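**Q** What follows is the residue order along each chain.
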Amino acid sequence: MRSSRRFIVALTSALFAAAPASAQQVGTATAVNPLSESTPPGGTTAPLMVGAHIVHKERVHTTPAGTAQLLFTDKSSMSIAPNTDIVIDEYVYDPNANSGHMLVSLTKGALRFVGGQLSHQGEATITTSAANIGIRGGTVTVIQGQNGTKVINVAGIIKIVNGAGTFLLTRSDFGVLIQGWNTPIQDLGRIPPGDVAFFQAYAMSKFNENGGVPGFTGANIGHCGIGSVQGTNCPQVPWMPSDGGELDATQLLGNATNFGTNQITPPPPPPPPRRPPCNRC
Amino acid sequence: MKDRTWRVSWNKVAGALAPALLLVVSSLPAKSQTTSDLLNPLFQGILAQPSNFNNALQYATLAPSRDIESAISTYEQLLFYNPNLASVRFELGVLYYRLGSYEMARGYFDSALKMKDITPALRQRAEDLIAAIDKKLQPDQFSGYVQSGFRYQTNAALGPAAGTTLASGRVFNNTFAARPDWNWFGAFGLNYVHDFENQRGDTFEASALGYDAQQFKLHQFDIGVMELRAGPRFGIVSDTATGLSIKPYFIATGATLADAVYYGGLGGGLTARIKLGDVSLDPYAEIVQQSFRNQTLYPLASGMSGTLSTVGLQASGPVYASLGFQSRVTYAHADANFNPFGYNAYAGDIWLPWNFSPLNDGRTWILTPTAGVSWWQYNAPDPTIDPNTTPNILEWRVGLGLEVPIWKLLNLGFLAQYRADVSNVPAFSMHDFSVTAGPTMRF
Numbered sequence: 001m002r003s004s005r006r007f008i009v010a011l012t013s014a015l016f017a018a019a020p021a022s023a024q025q026v027g028t029a030t031a032v033n034p035l036s037e038s039t040p041p042g043g044t045t046a047p048l049m050v051g052a053h054i055v056h057k058e059r060v061h062t063t064p065a066g067t068a069q070l071l072f073t074d075k076s077s078m079s080i081a082p083n084t085d086i087v088i089d090e091y092v093y094d095p096n097a098n099s100g101h102m103l104v105s106l107t108k109g110a111l112r113f114v115g116g117q118l119s120h121q122g123e124a125t126i127t128t129s130a131a132n133i134g135i136r137g138g139t140v141t142v143i144q145g146q147n148g149t150k151v152i153n154v155a156g157i158i159k160i161v162n163g164a165g166t167f168l169l170t171r172s173d174f175g176v177l178i179q180g181w182n183t184p185i186q187d188l189g190r191i192p193p194g195d196v197a198f199f200q201a202y203a204m205s206k207f208n209e210n211g212g213v214p215g216f217t218g219a220n221i222g223h224c225g226i227g228s229v230q231g232t233n234c235p236q237v238p239w240m241p242s243d244g245g246e247l248d249a250t251q252l253l254g255n256a257t258n259f260g261t262n263q264i265t266p267p268p269p270p271p272p273p274r275r276p277p278c279n280r281c
Numbered sequence: 282m283k284d285r286t287w288r289v290s291w292n293k294v295a296g297a298l299a300p301a302l303l304l305v306v307s308s309l310p311a312k313s314q315t316t317s318d319l320l321n322p323l324f325q326g327i328l329a330q331p332s333n334f335n336n337a338l339q340y341a342t343l344a345p346s347r348d349i350e351s352a353i354s355t356y357e358q359l360l361f362y363n364p365n366l367a368s369v370r371f372e373l374g375v376l377y378y379r380l381g382s383y384e385m386a387r388g389y390f391d392s393a394l395k396m397k398d399i400t401p402a403l404r405q406r407a408e409d410l411i412a413a414i415d416k417k418l419q420p421d422q423f424s425g426y427v428q429s430g431f432r433y434q435t436n437a438a439l440g441p442a443a444g445t446t447l448a449s450g451r452v453f454n455n456t457f458a459a460r461p462d463w464n465w466f467g468a469f470g471l472n473y474v475h476d477f478e479n480q481r482g483d484t485f486e487a488s489a490l491g492y493d494a495q496q497f498k499l500h501q502f503d504i505g506v507m508e509l510r511a512g513p514r515f516g517i518v519s520d521t522a523t524g525l526s527i528k529p530y531f532i533a534t535g536a537t538l539a540d541a542v543y544y545g546g547l548g549g550g551l552t553a554r555i556k557l558g559d560v561s562l563d564p565y566a567e568i569v570q571q572s573f574r575n576q577t578l579y580p581l582a583s584g585m586s587g588t589l590s591t592v593g594l595q596a597s598g599p600v601y602a603s604l605g606f607q608s609r610v611t612y613a614h615a616d617a618n619f620n621p622f623g624y625n626a627y628a629g630d631i632w633l634p635w636n637f638s639p640l641n642d643g644r645t646w647i648l649t650p651t652a653g654v655s656w657w658q659y660n661a662p663d664p665t666i667d668p669n670t671t672p673n674i675l676e677w678r679v680g681l682g683l684e685v686p687i688w689k690l691l692n693l694g695f696l697a698q699y700r701a702d703v704s705n706v707p708a709f710s711m712h713d714f715s716v717t718a719g720p721t722m723r724f
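Residue numbers (my numbering), protein chains in the order written: chain A, 1 to 281; chain B, 282 to 724.
Note that these hints are calculated values from the structure, not bench results. If you're wondering where the values come from, they're calculated on a predicted model, not measured in any experiment. A virtual CB, placed ideally from N, CA and C, is assigned to each residue, including glycine. Check before you lean on any hint, since a few could be wrong.
[Said to hold, decoys possible] In silico EDC-like pairs for lysine to aspartate or glutamate, Cα to Cα no more than 20 Å straight-line:
| no. | chain 1 | residue 1 | chain 2 | residue 2 |
| --- | --- | --- | --- | --- |
| 1 | B | Lys-689 | B | Asp-398 |
| 2 | A | Lys-108 | A | Glu-37 |
| 3 | B | Lys-397 | A | Glu-209 |
| 4 | B | Lys-395 | B | Asp-421 |
| 5 | A | Lys-108 | A | Glu-90 |
| 6 | A | Lys-206 | B | Asp-391 |
| 7 | A | Lys-108 | A | Glu-209 |
| 8 | B | Lys-498 | B | Asp-462 |
| 9 | A | Lys-206 | B | Asp-483 |
| 10 | A | Lys-159 | A | Glu-209 |
| 11 | B | Lys-397 | B | Asp-409 |
| 12 | A | Lys-206 | A | Glu-37 |
| 13 | B | Lys-395 | A | Glu-209 |
| 14 | B | Lys-528 | B | Asp-503 |
| 15 | B | Lys-417 | A | Asp-195 |
| 16 | B | Lys-416 | B | Glu-478 |
| 17 | B | Lys-498 | B | Asp-559 |
| 18 | A | Lys-159 | B | Asp-520 |
| 19 | B | Lys-395 | A | Asp-195 |
| 20 | B | Lys-556 | B | Asp-483 |
| 21 | B | Lys-417 | B | Glu-508 |
[To be verified] Covered stretches of chain B (in silico footprint by chain A; criterion: 3 or more residues with CB under 8 Å from a CB of chain A, positions within the stretch not fixed):
| no. | region |
| --- | --- |
| 22 | 322-335 |
| 23 | 438-448 |
| 24 | 562-574 |
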């Protein structure tokens, strides 16, 4: 009896150990507006629901009206615009070592990726038919359309590589366009404000939607410097010391007092020469 | 006697500054470790049950102090649940603003202004930040300050106590001994940046600094200083670090003393900028040919003419929430026509600007403790002071500034400073306490 029990425990352990990595959760669907769907590896396509586990090799697809947000275990997130197709090709993350890598392919549509621990080490990549987009410590908007792939750097360093070369995006609100895998990467410079605002709203709930979670009607958020509940989200106020000129003046004056003045008392003037006695006065 | 003077001086200054420093320290959170301890379970809670929006909100309000991007992810999650909330849009705007992503920030501030639930204070703050963004995105950007007011000093000469004797037994020239006086002063600092709007982030930068003080009684210490630095900054594109750049520049300086031309300097330098997270590091090296002009009151000044070489490091960044820091350390080597006037000097200064809003009206007060120390080692004894002792001087200085908002860009500024020089040559020892008040405009 004891030996058969041991056999069952060992068999069960072996089955779990051999379970494919693809079943391991890599993230969660944190917001979903219909219709958005997901297809796990080897599984069937089903509507995506808030709270659904996202697994390795899963495909997420949004319809022309659907949007979704995925949150990954390394704290990165992906806001997915309507009419978008993505696949989580690779995802490995060891929270103890804070290391791993992720690879997501974007077949069509648009997404905004907000970086987490993996991107801080440069180990997050989004691929399209036109380029591989490496993200280091950053946030990026990627649009895959008929004209190719458009990449807008929101923050951080974005390294775009394709068959024609490499391009580094290091300035916020600057972007590139890549029309094909073997076409040169085109520098778009600063992206027009209207485009940035459009894509910001595009991958987000419309005003009559609730992302699959009704009932969130208000938030008592402490804002920095406003109200009785203080927040810690404070913009840095540009500031420069206003005593720079005074510091320079003080040093000049101190040196003048110490070294510029004459501390040696001039010698007394020589006495007038004595007149010889006058013999004929 | 020198040690006792040091202790007495330190006790006076520490007693004056302690309440202000206590105010700053007590407003900081107890331990950042507490925030870290809370964040991870909250994040795991979001992964397990994202619809628990109270859990998500708690994480979002704590995260900005540790992880801006994670806070962005969570606030955007909450915005999915209710896109009509001005407060959530506002916080996202601030987070993107802190990342330097100004168009994304502007998008959230603009949309926050359109929400029905926006409060007047939030509206004002959003509009202020949009104005700041507009300024940052201009190809030509100006920033700086203008200040004026009155200053009282216990030692306007920055000289030794009256009656200090020289090595020869003579008394230090009383015209330059320590005496109190009031002055009127004006100061300005102006920075100009032209952004060439290319991927590298190349710019042209110029800065001007000016200071003028007119004494009420001791006009031998009327002083005016002007300094100009300008040069192109070249961005360095790297796939491992952002914000790298290098800038060669020229320097021109001049000063008047006792209402006569006293000093002029021309030179150049090289500086770099390195960003480590939110901290900006600016190492620099510069060389200036200095020319001092003799005057009736300062007949030996030309002996200080020569070459001044300086290497230094400036650093600035946030400390926590609304507390920031600016610091500078330098080494300077001065060659002088008269060798005893040449020196090697080391100096360090730190400013800790703390923004706070005591009236909770969104208007920002700035309290700035400052501290600094300098050490001069001169080349040889000065025969007119002490022919047997090569001078060295240790200077330490502390200060506390307060700027109170009055109207729009106009503030009322107050500054209290204490400075003490301790030297092995009594004629070079001095101490000075000063208080300053007057209007300041920052832009």
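**Q** Look at each hint and say if it fits the structure.
**A** Now for the hints, and whether the structure bears them out:
1. Taking the CA atoms of Lys-689 of chain B and Asp-398 of chain B, the gap is near 25 Å; set against the 20 Å cutoff, the hint is violated.
2. Restraint check for Lys-108 of chain A and Glu-37 of chain A: the C-alpha separation of about 15 Å stays at or below 20 Å, so the hint holds.
3. Taken as a hint, the Lys-397 of chain B and Glu-209 of chain A pair is honoured in the structure, with Cα atoms around 17 Å apart against an allowance of 20 Å.
4. Between Lys-395 of chain B and Asp-421 of chain B, the direct Cα distance comes to roughly 29 Å. Violation of the 20 Å bound is thereby established for this hinted pair.
5. With a C-alpha separation of about 18 Å, the suggested pairing of Lys-108 of chain A with Glu-90 of chain A holds against the 20 Å cut-off.
6. Using a Cα cut-off of 20 Å, the hinted pair Lys-206 of chain A and Asp-391 of chain B holds, with the two alpha carbons roughly 16 Å apart.
7. Among the hinted pairs, Lys-108 of chain A with Glu-209 of chain A is inconsistent with the structure: their alpha-carbon atoms are about 23 Å apart, more than 20 Å.
8. For the hint pairing Lys-498 of chain B with Asp-462 of chain B, the CA-to-CA distance comes to about 7 Å; that is within 20 Å, so the pair holds.
9. Between the alpha carbons of Lys-206 of chain A and Asp-483 of chain B the distance comes to roughly 39 Å, so the proposed pair goes past 20 Å and is violated.
10. Restraint check for Lys-159 of chain A and Glu-209 of chain A: not satisfied, since their Cα atoms lie roughly 35 Å apart, outside the 20 Å limit.
11. With a CA separation close to 19 Å, the supplied pair Lys-397 of chain B and Asp-409 of chain B stays within the 20 Å bound.
12. Simply put, Lys-206 of chain A and Glu-37 of chain A have alpha-carbon atoms about 18 Å apart, close enough for the 20 Å limit, and the pair holds.
13. With a C-alpha separation of about 17 Å, the suggested pairing of Lys-395 of chain B with Glu-209 of chain A holds against the 20 Å cut-off.
14. In summary, the hint linking Lys-528 of chain B to Asp-503 of chain B is not supported, as the alpha carbons are separated by about 34 Å, beyond the 20 Å threshold.
15. Using a Cα cut-off of 20 Å, the hinted pair Lys-417 of chain B and Asp-195 of chain A holds, with the two alpha carbons roughly 19 Å apart.
16. Of the pairs offered as hints, the one joining Lys-416 of chain B and Glu-478 of chain B holds, with about 14 Å between alpha carbons and a cut-off of 20 Å not exceeded.
17. For the hint linking Lys-498 of chain B to Asp-559 of chain B, the alpha-carbon distance of about 47 Å lies beyond 20 Å, and the restraint is violated.
18. About 7 Å separates the Cα atoms of Lys-159 of chain A and Asp-520 of chain B, which keeps this hinted pair within 20 Å; it holds.
19. Among the hinted pairs, Lys-395 of chain B with Asp-195 of chain A is consistent with the structure: their alpha-carbon atoms are about 19 Å apart, no more than 20 Å.
20. The straight-line distance between the Cα atoms of Lys-556 of chain B and Asp-483 of chain B is roughly 16 Å, inside the 20 Å bound, and the hint therefore holds.
21. For the given pair, Lys-417 of chain B sits about 25 Å from Glu-508 of chain B by alpha-carbon distance, which is inconsistent with the 20 Å threshold.
22. Counting residues of the region 322-335 of chain B whose beta carbon lies closer than 8 Å to any beta carbon of chain A gives 8, which meets the minimum of three for the stated coverage.
23. Here's how the region 438-448 of chain B fares: 4 of its residues keep a CB closer than 8 Å to some CB of chain A, so the rule of at least three is met and the hint holds.
24. Restraint check on the region 562-574 of chain B versus chain A: 1 residues with Cβ-Cβ distances below 8 Å, three needed, restraint violated.
In summary, the numbered hints that this structure violates are 1, 4, 7, 9, 10, 14, 17, 21, 24.
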